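2 protein chains.
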Amino acid sequence: MPEFLSLISPAKARENFLKVVSEAIELKSEKISTVESVGRVAAKPIIAPYSLPTFNRSAMDGYAVRAEDTYGASESLPAFLKVVGEVKMGETASIEISNLEAMMIHTGGMLPQNANAVVMLEHTQRISPAEIEVYKSVSAWENTILQGEEILVGETVLAEGQRIRSVEMGGLLALGITQLEVFRKPRVGILSSGDEIVSPESELVAGKVRDVNTYTISALVRSCGGEPIPYGIIPDDELQLRQAVINLKSQSDLILISAGSSLSARDYTARVIQEQGLPGILVHGLNTRPGKPTILALCDQIPVIGLPGNPLSAYVIASHFVKPVIYTLEGMNSQPIPNIRMAKITVNLNSQAGREDWVPTKIIPSNERWLADPIFGKSNMIHALARADGLIWVPEDRTGISADETVTVELIET
Amino acid sequence: MPEFLSLISPAKARENFLKVVSEAIELKSEKISTVESVGRVAAKPIIAPYSLPTFNRSAMDGYAVRAEDTYGASESLPAFLKVVGEVKMGETASIEISNLEAMMIHTGGMLPQNANAVVMLEHTQRISPAEIEVYKSVSAWENTILQGEEILVGETVLAEGQRIRSVEMGGLLALGITQLEVFRKPRVGILSSGDEIVSPESELVAGKVRDVNTYTISALVRSCGGEPIPYGIIPDDELQLRQAVINLKSQSDLILISAGSSLSARDYTARVIQEQGLPGILVHGLNTRPGKPTILALCDQIPVIGLPGNPLSAYVIASHFVKPVIYTLEGMNSQPIPNIRMAKITVNLNSQAGREDWVPTKIIPSNERWLADPIFGKSNMIHALARADGLIWVPEDRTGISADETVTVELIET
Chain B
1 MPEFLSLISP
11 AKARENFLKV
21 VSEAIELKSE
31 KISTVESVGR
41 VAAKPIIAPY
51 SLPTFNRSAM
61 DGYAVRAEDT
71 YGASESLPAF
81 LKVVGEVKMG
91 ETASIEISNL
101 EAMMIHTGGM
111 LPQNANAVVM
121 LEHTQRISPA
131 EIEVYKSVSA
141 WENTILQGEE
151 ILVGETVLAE
161 GQRIRSVEMG
171 GLLALGITQL
181 EVFRKPRVGI
191 LSSGDEIVSP
201 ESELVAGKVR
211 DVNTYTISAL
221 VRSCGGEPIP
231 YGIIPDDELQ
241 LRQAVINLKS
251 QSDLILISAG
261 SSLSARDYTA
271 RVIQEQGLPG
281 ILVHGLNTRP
291 GKPTILALCD
301 QIPVIGLPGN
311 PLSAYVIASH
321 FVKPVIYTLE
331 GMNSQPIPNI
341 RMAKITVNLN
351 SQAGREDWVP
361 TKIIPSNERW
371 LADPIFGKSN
381 MIHALARADG
391 LIWVPEDRTG
401 ISADETVTVE
411 LIET
Chain H
1 MPEFLSLISP
11 AKARENFLKV
21 VSEAIELKSE
31 KISTVESVGR
41 VAAKPIIAPY
51 SLPTFNRSAM
61 DGYAVRAEDT
71 YGASESLPAF
81 LKVVGEVKMG
91 ETASIEISNL
101 EAMMIHTGGM
111 LPQNANAVVM
121 LEHTQRISPA
131 EIEVYKSVSA
141 WENTILQGEE
151 ILVGETVLAE
161 GQRIRSVEMG
171 GLLALGITQL
181 EVFRKPRVGI
191 LSSGDEIVSP
201 ESELVAGKVR
211 DVNTYTISAL
221 VRSCGGEPIP
231 YGIIPDDELQ
241 LRQAVINLKS
251 QSDLILISAG
261 SSLSARDYTA
271 RVIQEQGLPG
281 ILVHGLNTRP
291 GKPTILALCD
301 QIPVIGLPGN
311 PLSAYVIASH
321 FVKPVIYTLE
331 GMNSQPIPNI
341 RMAKITVNLN
351 SQAGREDWVP
361 TKIIPSNERW
371 LADPIFGKSN
381 MIHALARADG
391 LIWVPEDRTG
401 ISADETVTVE
411 LIET
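The listed protein sequences correspond, in order, to chains B and H. Here our numbering is used: the first residue of the first sequence is 1, the next is one more, and so on. Here our numbering is used: the first residue of the second sequence is 1, the next is one more, and so on.
Treat the hints with care, since some could be wrong.
Below, simulated DMTMM-like cross-link-like pairs (lysine to aspartate or glutamate); rule was C-alpha separation at most 20 angstroms, straight line [claimed, not checked]:
| no. | chain 1 | residue 1 | chain 2 | residue 2 |
| --- | --- | --- | --- | --- |
| 1 | B | 292 | H | 155 |
| 2 | H | 292 | B | 122 |
| 3 | B | 88 | H | 237 |
| 4 | H | 88 | B | 368 |
| 5 | B | 185 | H | 61 |
| 6 | B | 208 | H | 237 |
| 7 | H | 344 | B | 368 |
| 8 | B | 344 | H | 368 |
| 9 | B | 362 | H | 160 |
| 10 | H | 88 | B | 238 |
| 11 | B | 208 | H | 61 |
| 12 | H | 208 | B | 397 |
| 13 | B | 362 | H | 149 |
| 14 | B | 362 | H | 155 |
| 15 | B | 12 | B | 413 |
| 16 | H | 185 | B | 413 |
| 17 | B | 31 | B | 227 |
| 18 | H | 362 | B | 155 |
Simulated from the structure, these hints should not be mistaken for laboratory data. Just so we're clear, the structure is a prediction, and the values are computed from it rather than from any experiment.
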């Protein structure tokens, strides 16, 4: 299989790949406790079993009244109302008020029968133990929250495929929904291959480098809700790679292989992936830098991604291809809003037409706008990323960017 | 203690509070494994123990050469070089090359002695088993990564107070640093108070609402690296609140109290906080909506924050005050870059001069720019946030925002 025969556009490749993956996979679900559900994705729509609030509440501290008893009230001509009691927090308002009566009430308290508004405390004055003056008229239902105003019975609380944040979790708990069905976490097999790779604990000898990808990619997988299955380091050997991929296939929903660097290693990595099932390799080579030698494949319903061996390239490709695939495998109905920042670039950048570039950059807060100050250097290794706040995107149709232009920066959060 | 006597600016309040907190606290550290360090904060600077790469490497697949042997080479007038071997991945290049000699080399391979450049494979042709033609000249050190080019011995890899992302973790592992000293996770005591509050498992009766704050605030604390200690629900009772706060004080680095809604509950909550130590309450009441009744205090070196009881208000105040305090307690040397988005607002918004507003909004991708489509409704409860992608910021000096203006939206991620 000759390499880079047809480099394709990264955005197009991603779109097509996500489509193929989402059509091929079958999602499984499990029931979990709502309080553990942050970051998970709803497997079924959740419908409100009743309305919230369950009773008419006060939105203010003050007096529950009949609005019509306050009409025309002002500082110079206050309304006089008789105070018939107090609604205690958490208690059912058992007394009902009659004409020209009021009850003391607190924020969140239950409105008594016949009351249809709340006068704020600061617009009243207690003139005797059982009498107030009201200095401002209120309209019907002013300063109240009506039953069902937050959510109505039958409304969709959570759509299928919606990711649960803490606010969604809170919304479920408010409705007493303490368990729910979510999609299973995708298990992501991760393989690092290369004769030069040794574990981080090893003493370095000349020619060797320590494994970084297993750990950075595992962290990235975890950050978007996947469950990493690190397989470890495989030497540049086709038989061992094949066996490792077959082993991972039985326990993974997605397989990531950071390929050996030699030409022959890249060749047989592609061959091993291609053997794993149909349709096999869909994309081999992307018009992006870093990350040209990326492989996107689908084998027997399991997506397989061949990542570059270089840790920086592997991380950038994982951000743009592995993350969205994991979101798809989690059953999300749409990709999350990306964490990007528009910033003014401090220097000129060159780029090759037809190729998308990602350039590590610092982000500096400035008076009016943020500044993007690219990190240069021939070395494209992991420490360049560790110094960066984000990556500047240079679109394929640009041959360069001039200083002071506004660029899109993707923030590196994890 | 009369309430809202002096409402102060939220930005000013936050700045002052963070300063007071960071001056008061004493950070403790612990040693952990580097692979578990993502999200933690370095307690000591980490200095590179040696340079990386540890040897001169090839940045391409091709042939290691002496650059001077290729000078003047072109398609029509190629240079002829003798191939004296191949540098295997992960092996020390033991042979050295002489004048007019080349060695096959792979990306990441170790440069042999005397070689000072790499000719890319596509600019060569093998004309016999031991001879190549070179069609393009290379300059000295072209297509190589020199020893120390990634990081030099003695360089700072990680500053004290720097948060570790997966890329920093990878950088440490590349240097063989498998353990490091990080600041301890702040323990955050969380109290929900109010006679109307019942647990999420409870059947609802009129007048009661289920506890949401304990869970949403715990999730938010966890998302920024804190360790939540949920204390549970306390009724509107000064003695019980005092005992709970005293209990939490012995095991927390930060205490959060979502206060009861009644005036008297808010009064004694402030009193209980004030009793816990000097300097006590620093801010009581903020010019922000939601979140006016916020309390910021420091008692015996422990920050205490009084949150509004309403779940939406509690969440918004926690995002703007609890999060930055947690980052400070983690020892971060600067606050993280906020996840904000500039967007075009779809409708007019009214606001009160002198007050900052946060309005829940959808974010809609549009052709040119993102659109912010506010979520309206009198109800300011948790389901309004669950429908929102973010919060529109209306600065204090604005009395409103017109449709089509560009606004700042803070994304709700967790």
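Checking each numbered hint in turn, tell me which of them this model violates, lowest number first. Numbers 1, 4, 5, 6, 12, 15 - these are the hints that the structure violates, sorted from lowest upward.
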